[in-house]
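Engineer: Please work from the sequences and hints to get the whole structure.
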Amino acid sequence: MPHAVDFNTVSTIGLESSPVAAALAGLRAHEARYFKNKYDHVFMVEPASNAKTTIDWVHRILKEERDIVISSHPLEATAFQVENIRIAYVFYDSGLSINVMYTVDDPSRRAVGFKLSEGMEVPVELASRFKFARQKSKLAGTIRGSYFAFKNEY
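If you're matching positions, the sequence shown starts at 2 in this note's numbering and goes up one per residue.
Calculated from the structure, these hints are not laboratory results. There is no bait here: all hints are sound.
The list that follows gives simulated cross-link-like pairs (lysine-lysine, DSS-like), each with its CA atoms no further than 30 angstroms apart:
hint, residue 1, residue 2
1, K37, K132
2, K137, K39
3, K53, K37
4, K39, K53
5, K37, K139
6, K64, K53
7, K37, K152
8, K39, K152
9, K53, K132
10, K37, K137
11, K132, K64
12, K152, K132
13, K53, K152
14, K152, K64
So the derived label-pair ranges between C-beta atoms look like this:
hint, residue 1, residue 2, range
15, K64, H4, 26 to 32 angstroms
16, K139, A5, 17 to 23 angstroms
17, H42, T10, 15 to 21 angstroms
Heads up, the beta-carbon is just placed ideally off N, CA and C, and yes, glycines get one too.
Structural biologist: Now the structure itself:
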């Protein structure tokens with residue numbers, strides 16, 4: 002059952018099995034606040050078991066673009082469109098969050114983003130390939146992030 006992410010009262014619902022559940026919940030709330038403020042969009046997530054299509058789409062892009070296979074187990078996901086941007090998020094039990102921002106009409110503005118919850122190690126499959134910049138968040142503490150751009154159609 003999809004549920005709205007509350008960024009005023011951060012909750013670990015759906016993320017309890019993560020060893021960094023509180024930090025991951027803060028990261029998820031951080032993303033929800035961004036989309037509410039920028040696009041007036043309510044950030045809804047659903048259990049991974051109900052979001053297979055979204056997770057498969059994200060994993061396909063990772064595999065085909067950079068030969069990346071994520072070893073962590075997905076807990077929740079969401080997919081939506083704001084303006085001309087198709088967006089998907091997958092939240093993993095390791096504390097990793099992956100998002101795809103896919104402009105429908107402009108192939109030069111498509112990217113995959115990685116965000117690491119505070120307290121988690123950089124996943125082995127990403128460690129040698131990406132440098133992670135730090136960002137402070139009132140909701141999530143210190144977030145480390147990286148990304149790569151792509152132009153293919155998915």
